[in-house]
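Peer 1: The chain contents come next:
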Amino acid sequence: MTLVELNHVSKSFSKGDETITPLDDVSLQIDAGEFVSLMGPSGTGKSTLLNLVSGIDRPDSGTIHVDGTEITGLSRSKLADWRAANLGYIFQTHNLIPVLTAYENVELPTLLLPLSSAQRRDRVQLALEAVGLVDRAEHYPRQLSGGQEQRVGIARAIVAHPKVVVADEPTGSLDTETSQQIQVLLQRLNQELNITLLMVTHDADVAAIASRQLLLDHGRFLESNGAPQSDNNKASLSS
Amino acid sequence: MLLPWEYGVRNLARRPVRTALTLVALATVVMLVFVVVGFIRGLEKSLAVSGDPQVVLVYSVNAEQNIENSSIAARTPDLLTASLDGVQKRFGVTHVSPEMYLGTRIKTRDGDAGLGLVRGVTRTAPLVRRGVKIVAGSWPGPGQVLVGRLAYAKLGSRSESLTIGQTVEFEGKTWTISGLFVAGGAAYESEIWCNLAEFQTATKRQDISLAAILMAPGASASRVQLFCKERTDLELRAIVETDYYAALQQHYKPVRLLAWFVVVLVSSAGIFAGLNMMYGAVAGRVREIATLQAIGFRRRAVLLSLVQEGLLLSAAASLLSGFIALVLLNGMAVRFTMGAFTLRIDSVAILVGCGVGLALGILGALPPALKALRASVAISLKAV
Numbered sequence: 001m002t003l004v005e006l007n008h009v010s011k012s013f014s015k016g017d018e019t020i021t022p023l024d025d026v027s028l029q030i031d032a033g034e035f036v037s038l039m040g041p042s043g044t045g046k047s048t049l050l051n052l053v054s055g056i057d058r059p060d061s062g063t064i065h066v067d068g069t070e071i072t073g074l075s076r077s078k079l080a081d082w083r084a085a086n087l088g089y090i091f092q093t094h095n096l097i098p099v100l101t102a103y104e105n106v107e108l109p110t111l112l113l114p115l116s117s118a119q120r121r122d123r124v125q126l127a128l129e130a131v132g133l134v135d136r137a138e139h140y141p142r143q144l145s146g147g148q149e150q151r152v153g154i155a156r157a158i159v160a161h162p163k164v165v166v167a168d169e170p171t172g173s174l175d176t177e178t179s180q181q182i183q184v185l186l187q188r189l190n191q192e193l194n195i196t197l198l199m200v201t202h203d204a205d206v207a208a209i210a211s212r213q214l215l216l217d218h219g220r221f222l223e224s225n226g227a228p229q230s231d232n233n234k235a236s237l238s239s
Numbered sequence: 240m241l242l243p244w245e246y247g248v249r250n251l252a253r254r255p256v257r258t259a260l261t262l263v264a265l266a267t268v269v270m271l272v273f274v275v276v277g278f279i280r281g282l283e284k285s286l287a288v289s290g291d292p293q294v295v296l297v298y299s300v301n302a303e304q305n306i307e308n309s310s311i312a313a314r315t316p317d318l319l320t321a322s323l324d325g326v327q328k329r330f331g332v333t334h335v336s337p338e339m340y341l342g343t344r345i346k347t348r349d350g351d352a353g354l355g356l357v358r359g360v361t362r363t364a365p366l367v368r369r370g371v372k373i374v375a376g377s378w379p380g381p382g383q384v385l386v387g388r389l390a391y392a393k394l395g396s397r398s399e400s401l402t403i404g405q406t407v408e409f410e411g412k413t414w415t416i417s418g419l420f421v422a423g424g425a426a427y428e429s430e431i432w433c434n435l436a437e438f439q440t441a442t443k444r445q446d447i448s449l450a451a452i453l454m455a456p457g458a459s460a461s462r463v464q465l466f467c468k469e470r471t472d473l474e475l476r477a478i479v480e481t482d483y484y485a486a487l488q489q490h491y492k493p494v495r496l497l498a499w500f501v502v503v504l505v506s507s508a509g510i511f512a513g514l515n516m517m518y519g520a521v522a523g524r525v526r527e528i529a530t531l532q533a534i535g536f537r538r539r540a541v542l543l544s545l546v547q548e549g550l551l552l553s554a555a556a557s558l559l560s561g562f563i564a565l566v567l568l569n570g571m572a573v574r575f576t577m578g579a580f581t582l583r584i585d586s587v588a589i590l591v592g593c594g595v596g597l598a599l600g601i602l603g604a605l606p607p608a609l610k611a612l613r614a615s616v617a618i619s620l621k622a623v
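Chains as they are written, first to last, in the numbering used here: chain S, 1 to 239; chain V, 240 to 623.
Just so you know, the hints here were simulated from the structure itself, not pulled from any lab data. Values in this document were obtained by computation on a predicted structure and should not be read as measured data. Heads up, the beta-carbon is just placed ideally off N, CA and C, and yes, glycines get one too. Among the hints, erroneous ones may be present.
Okay, derived cross-link-like pairs now, DSSO-like style, lysine-lysine, Cα gap no bigger than 27 Å in a straight line [stated by the list, open to error]: (1) K163/S with K621/V; (2) K610/V with K15/S; (3) K15/S with K621/V; (4) K78/S with K610/V; (5) K78/S with K443/V.
Examples of chain V residues lying across from chain S (beta carbon under 7 Å, computed) [said to hold, decoys possible]: (6) R249; (7) N250; (8) T530; (9) A533; (10) G535; (11) L609; (12) K610; (13) L612; (14) V616; (15) A617.
Residues of chain S placed beyond 12 Å of chain V at every Cβ, according to the derived structure [claimed, not checked]: (16) G16; (17) A32; (18) T48; (19) P98; (20) V134; (21) S145; (22) D168; (23) S179; (24) I209.
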C-alpha cells in the first residue's frame, strides 16, 4: 500500500540572479513499512525532498499525498497539525530543546495529541525504552553524549506513532561506532515497529541498511547501482 | 496547543547575565514610571483633599487666584458674620476663621533656611478647617507655632528640625514649636500656623489675607457670593474652597500633562531594553524555534511562548519595582510652589506602573518573535 506519493513535483530557489532547481518534475512512491534511503551529492535536492514530504516546505508545482492526504493543499496551521499527528522528524544535529530534559523533549510531540497525561507518560516511557534511554530520562541534553542525544531525537520522532518518519543525515554528526548503533536502531524500528522511514544520507554504508536505496542526481532518481529507476520500481523521473 | 510553561521559565535562566541585566533595566524603567505616576497622584490627592465643600473663602477681588496676594480689612470677618445668614454657629461661636497667609523665609535651629508658608490663625481655625488634627503637643500660645506634617519638606529641611520644643525664625522673631498637626494630606500640612495677632505684629500688618467661613448644613455659598457682588465697595470675592482647589488643579494641568508625557518617554525607552533582550534570546534559538514548528507546534504557540518569556521577566521587574516603590517611595515628601505633598503609590500608580512593565515585556518580545517565525522553517533548521 502506497503511503507517500509525489507526483510531478518541482521546486526552485533563487540565489541572487541565479535560479536553482533541485527538484524538477519528480515523482516517487513509498509503501507503508518501507525503509527508503536517499543519497546524492550536495545540492541535488535530498533535503529539499525531505522538507517537502514533511510539509515544512511547499513545492512550486506537483502534488504530495501522505496516507491519502494531499499535504500540498493544506494551510500552514493545518500542516502543523498534520505534522504533529503523522510525521516524525529526526535531525542531523539532534535539535533537542536544551532547557528540557530527555523525558520532556520526547514528551513534546505528545502534547499536541489528544492524550491523557497517563497515556502520554506510557508513550514516552515506551519510546525511551525503544531507544534504551530510560535511565537518562531526567538528564538534560548537555548531560548526554552525541549518540544519546540522537537516540532521544529518535524517541521524540516515534513517540506520537507517526505514519512516516523522515531522517535528515541522522548519523552525520556521530562517530563511526555511535553511527552504527543508530543504524541498528533505525533498522530495528523499521522491522520491529514497522515504521516507514525516509532517510537522507551521504554515507553509502548507512544508505545500505535501507530496504530501498535511491540516488538523486540532477533531478533524476537512480537506483543505487546508478541505473535510472523504472516506474514499476515506484520511483519515476518525468523530466 | 501551547508549549510547556517550563520551557519559557527555564529559557530565562539560559543566559543569566543578560536576563539579570534586562531585569535591572526593566525594573529601573518601571521604577521611574512609579516615581512620575506617584508624583502625579500625590499632587492630585493633595489638591483634591484640600477643599471642603462647606467652606467658603472670602478674599480680595484683586488677588485673582493667589490668596497670598490678598489683602482685606481685618474687620471683614465681623462684617460677614453680621451680614450673612447660614454661617455655622455652635455654642455661641461663629465658625469664621480670619487668616493671614504668607510665604516667608524660615530658618530652623539647624541653620537651614527656606521659603515656608505661614498662616496666622485664631482659635476658630480648627472649627472651620475640620480636617486639621493636632497629633502631638498643643495649640500654640504666645511666641509658639503649630507645625504641619510636611512643613519640613517645604523648607527643604529634615523632619527632626521641626519637632516639638525646637525653634524657628521668621519675620525677625524666634518661635517655639508647640505641636504638630496633620490634615489628611491637604495642602495645609506643609504650613506653619501661629497666632494671627502675633503674626500681624511681626509683619507690621493690620490686614488679613482671607476669611474662611464654614456654612451651616443646607446653607448655600451663593449667599456669600451675592454679598460680595453687591458690596462692591469691599472689593471681596467668595469662592467655595473645593472650587478654589479645582481651579488650582487646572493651573497644574500642564505639569501633570508633562509628567504623563515623561511616563510615555520613559516607557518607550524601556521597550528597547525588552527588545534588546528578546532579540538576543531569539537570535540564538532560530533552529530551536524551527524545530518546534517541524515537530508540529503552530506558530501561534511558539509566539505565545516567546511572549511569555518577555512577560515573565517584565512581571518580575514590575513586582520588584512595585515592592521598592511601596516601601521607599510611598509617602516621600516632595516640595512644590504651593507647599509640599507626598508621593502616592496607590492602586492607580500600581496599575499604571505594572501595566507599563507588562506592556514592555509584550512589546519587547513581539517584534523579535515575529521575525523569527516569519523565517522559513526549512532554512532555519539549517541555522548554526
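Peer 1: Each hint: holds or not?
Peer 2: To see whether the hints hold, each was checked on the structure:
no., hint, result
1, K163/S with K621/V, "holds (24 Å)"
2, K610/V with K15/S, "holds (21 Å)"
3, K15/S with K621/V, "holds (16 Å)"
4, K78/S with K610/V, "holds (21 Å)"
5, K78/S with K443/V, "violated (89 Å)"
6, R249, "holds (4 Å)"
7, N250, "holds (6 Å)"
8, T530, "holds (4 Å)"
9, A533, "holds (5 Å)"
10, G535, "holds (3 Å)"
11, L609, "violated (14 Å)"
12, K610, "violated (17 Å)"
13, L612, "violated (10 Å)"
14, V616, "holds (4 Å)"
15, A617, "holds (4 Å)"
16, G16, "holds (16 Å)"
17, A32, "holds (21 Å)"
18, T48, "violated (8 Å)"
19, P98, "violated (7 Å)"
20, V134, "holds (21 Å)"
21, S145, "holds (20 Å)"
22, D168, "violated (8 Å)"
23, S179, "holds (21 Å)"
24, I209, "holds (24 Å)"
Hints 5, 11, 12, 13, 18, 19 and 22, counting from the list given before, are not met by this structure.
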